[in-house]
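Residue numbers (our numbering), protein chains in the order written: chain A, 594 to 1243; chain B, 594 to 1243.
Worth double-checking, as some hints may not be accurate.
[To be verified] To spell it out: a stretch of chain B is covered by chain A in this simulated footprint if at least three of its residues, at any positions, have a beta carbon under 8 Å from a beta carbon of chain A; those stretches are:
(1) 602-610
(2) 937-943
(3) 1056-1066
(4) 1089-1097
(5) 1135-1143
(6) 1177-1191
[What the hints assert, rightly or not] Lysine-lysine pairs mimicking DSS-like chemistry, simulated, CA-CA at most 30 Å apart:
(7) A:K938 <-> A:K1003
(8) B:K1064 <-> A:K1121
(9) B:K1197 <-> A:K1088
(10) B:K938 <-> A:K1088
(11) B:K1064 <-> A:K1185
(12) A:K1197 <-> A:K1105
(13) B:K1003 <-> B:K938
[To be verified] Here are some, though not all, of the chain B residues that point toward chain A, as calculated from beta-carbon distances under 10 Å:
(14) A946
(15) P1007
(16) H1080
(17) V1205
(18) V1209
Since the hints were derived computationally from the structure, they do not count as laboratory data. We put the beta carbon where it would ideally sit given N, CA and C, even for glycine.
2 protein chains.
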Amino acid sequence: MAPFSLAKRALIGKPLGSDQLEHERLNKRTALAVLSSDAISSVAYATDQILFVLGGAVGTLALSYVFPISATIVALLVLVGLSYQQTIHAYPGGGGSYTVAKENLGQGPGLVAAAALLTDYVLTVAVSVSSGVAAITSAYPRLVPHTVSIGVFAILLLMVVNLRGVRESGAAFSLPTYAFILMMVALLGVGLYKLSMGMGPLPAAAPLDVDPSSARHVASPVGYAMLFLLLRGFAEGCSAMTGTEAISNGIQAFKAPSQRNAAITLAWMVAILAVFFIGVSYLAQHLGVMPTTAETVLSQLGHRVFGTGAAYFALQYSTFAILVLAANTAFADFPRLAGILAHDKYMPSQFAARGDRLAFSNGIIGLALVAMLLVWLFNGDTNALVPLYAVGVFVCFTLSQAGMVVHWVKSKEPGWRWRAVLNGVGALATGIVSIIQIVTKFKEGGWIIAVLIPLLIFALHRINTHYRRYKIQVAFRGRSPLLPFNHVVVVPVSKVDKSAAAALVYATSVGKDVRVVHVEIDPTDTPKLEREWDRWDIGYELEILHSPYRSVVRPLVDYVTALQAETPGTLVTVVTPEIVLVRWWEHLLHNKTALYIRTALLFKPHVVVVAVPYIVGHDYEQEEKGPRWVADRAMLTGEMVAVRNADRPQ
Amino acid sequence: MAPFSLAKRALIGKPLGSDQLEHERLNKRTALAVLSSDAISSVAYATDQILFVLGGAVGTLALSYVFPISATIVALLVLVGLSYQQTIHAYPGGGGSYTVAKENLGQGPGLVAAAALLTDYVLTVAVSVSSGVAAITSAYPRLVPHTVSIGVFAILLLMVVNLRGVRESGAAFSLPTYAFILMMVALLGVGLYKLSMGMGPLPAAAPLDVDPSSARHVASPVGYAMLFLLLRGFAEGCSAMTGTEAISNGIQAFKAPSQRNAAITLAWMVAILAVFFIGVSYLAQHLGVMPTTAETVLSQLGHRVFGTGAAYFALQYSTFAILVLAANTAFADFPRLAGILAHDKYMPSQFAARGDRLAFSNGIIGLALVAMLLVWLFNGDTNALVPLYAVGVFVCFTLSQAGMVVHWVKSKEPGWRWRAVLNGVGALATGIVSIIQIVTKFKEGGWIIAVLIPLLIFALHRINTHYRRYKIQVAFRGRSPLLPFNHVVVVPVSKVDKSAAAALVYATSVGKDVRVVHVEIDPTDTPKLEREWDRWDIGYELEILHSPYRSVVRPLVDYVTALQAETPGTLVTVVTPEIVLVRWWEHLLHNKTALYIRTALLFKPHVVVVAVPYIVGHDYEQEEKGPRWVADRAMLTGEMVAVRNADRPQ
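Chain A extracted, bound-state conformation (with noise of 0.2 Å):
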């Protein structure tokens, strides 16, 4: 346990008491730079995942569709924009769709809002992790091969941060929000500046602003086929709105008047995600730019627009800055969820336990695990991780505001027709695009999803159905005194030695009614042992219990169910020593009969089975010569027998 604890002190830090866990309430300026990382930095990814599906089936004439589909998603995200403003509106202690579904939809659709918020949290690691990545890898082709080890080892730094304790300090998560929002703008501002210049695609790339009817090289899908392609292009660009309801959720992080500051924020973060969204596609469409597996469209219109210099170096470390700000907000998110969760009885109870240093330890480290199998299983690519990632969100979208419609017409308070029809329009809304993403991206990926949040809320369900089951069961109702039972000590003994002398010396503390016995495996052993017994001395008779199918445990059985028979209600305790060793390989070199005898009368109503340690040392050299350091650390030891009866009165 000593090198456990010290790496786990060295990297975790030393424990918090429970009286240093409060808020640090923010600024508008802050706030936004902390709540608002995951929206802002879909941008990083939303354009590619628009181009990367089009431009599969209908080549460059993908960039003519870029901008009407990234126009349609910014109408959406203003709409549920203001559909969570009137959220920040009805719940200032913070509204997470978990919380709003459940109160107003009931127990059901909470339920279905927690899976889909849990596989979010998961995918928004695993996503933003692998975008990070690929901003560097664009920059750095050759670190390419080494994607997944990266997007791993960024997992693992997150996991040990947040294990020691975020606090959510301001001017350290501005930072990257800042850099990263400044960068963009200057993107935006020269790019459009060159565009109006004169610039245009590059020779090598494809036509653009181009006529459908002239492409005559690509065998592009008709009718249905290209709604579809369309709607799917739509679904995936769809994952620029992830990260919309974080401000509603985080109300109590803001400075008073909270309500009023969060519905301000929100709106700047909702303008700031349509300029760049809308802005990024309008520059690719114009720059001919199409993502490959090796480049971002980011990376690559920061080359077209910054050249190679300083400029495109700190776009790309400012969007592996912010995307792995926005993996953050999901180690936040997770683990506070399963606590919630976990106090409601539908998670293991260990997630609700804060650790040495306040953070929801076993969340975070649950988190963490998933979100790198995911990545290595898609080996860190974005686009194949993009499919599983939108269809929670907007599940959770769509349950949240039908709460909201709930609550409106409930709480009649003035405006709730206008309230709750705005909320209504937004539920639809975001309802039709959580069915257009799961039927378009449902061969990509997103089966994976239809399968696993029912499978999720079956899980959370039937951890609810045992805990509230196991609570009536030792529910306890009585109220009078305890009565001791009568006790026998039963000692199993198969050597004269130390550990059975440990054993011994315990019986004979805990009891008055001792019997020691011996299970004979193999009868031409017992005599010696008997003789040994004999000139021990210690004035307990040695029983012998045959066993003729050679079992340890058998035996034993019987002659503990024989004790019960002869004295109805009598308590047994079966004392046997356990050899502790310090290597771990040692214990396979010994019979475990001390488990085997402990699990054989596991069910066994009246009996307790102790397991008396006795350590065995490493410095065995030492102990040749007459033990010491073991002596002073051992529980009982025939020496300390010996020891205390030298004290004795002859």
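Add chain B to chain A, keeping to what the hints say.
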């Protein structure tokens, strides 16, 4: 446990009493069948190996070398056979290589022999089963893709049969051996007759009786390279000699006069093996038969000599049967040797224990697992496995015969000089062959054995060191009566429920000085617990232990430490309830606090942790109406206390 026990009973059978351990004595004819299957079955693959190795380098030219190489091996076989006649004379109790080497050459060479034998038994199973499967797939080529599955299944079957405990019943075991002998006599007889009538190689086959100089198309190695190749062919062919020592190991299985009978049987075995091996090689040469990956030499000879009728299939089935029987001998020998080594404290003591059916179960299971692993790793390919095989056999031959030389020199019994010389020549010859084995097959797999045997020796030695030191360390020399400790019982309580009640009833049964403590993780929960405790009113005070860092274990350890500091020499028993759940996954939903407490206190002197099992049944629905089944089975429940209190005088 119940379903597992049932399945075990069905597969393995009822347990057998120790008094049923007896030996059946065999007459010569049966002993030949039982003990020589390993040796005689080698003809199914030995000729193949020579041709396979030489054919790879010189093509069908190999046919001109197979007879002289086989003849050399037969000469060596006769020498080794004569050598083992001496062992039979000197060790009427059975002289295994480990015993002979240990007694005459010392512990070190004994361990070398033991390690070599252990690897060889494993390879006997892997090679014999693979070769047996090849006999079947040669007859039914469409089974080739299932080679590994058939091999693994055969080993599993052998494992189960041996766990049931094989009586060495003569009749059943004689059948495969004598069927194979019969079919081989027929093959060689009819084959030689047809050969004399002018049958020759198939037109498609290569020229035979080739004059090496005429083989213009084959780039034949020259000089040392050719010598090396021939030596390697010789080394692979020596796999024919595996199993030769079986009879001298098993003298005690013979009817009286056992030594004489064993000597005669050994002579028969050597003669039969020699004739079959030389015969197969002769036929292969003159019928121009080269082994292919799809068909063994024996199968091809069968086709040429018998055609495709019943006689051919009888040959293949009897080959399969004798090879399985050969593998079966390792299932008797490996566990027996492991048992001897465990008894000598060189292997874990678990290998010395006889199972329900009097077989050494752990040895049988261990052998089967390793053999299956080998078959899987080498794709059931006999040609790939054989290079690993004979190395260990010849190391054992050498050590065993060198041991015999020492034996004769020490004993000085009549004729000791010529006997020593004979064994000395045998040791020298097999020693040289051992070196040839290692050197020529090193690259093809010999290195695995050259690494594995030293590792095994190291492991055997380490295990022995552990047991030796352990024995010294637990040796007990005290003789005086025990003196019990001053005893305090500590019961940590987190809730007032039935499991806590059970722990308290137990605590008051085993000790007078009981302290009830509550480790306070969340101070807001404490008042409620204190109210419930006061309402329960059992006459014990509840002490609150503060835990600023939310650890359950640390405050408890500090409390116990303080107790012991207060009254030195105090024995502390910590009693915790342990929830026992019926479904495995339910365990994941509960903190393992009892386990953490036990682990934290394991190395602390004079502290014993007792987990009082509290069984939570699966009949929840009934539970909600009122406990029935569980109340009957539960150890110490609140209900029981209530019942007992009703009996109490008020």
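Structure-inconsistent hints, enumerated in ascending order | 15
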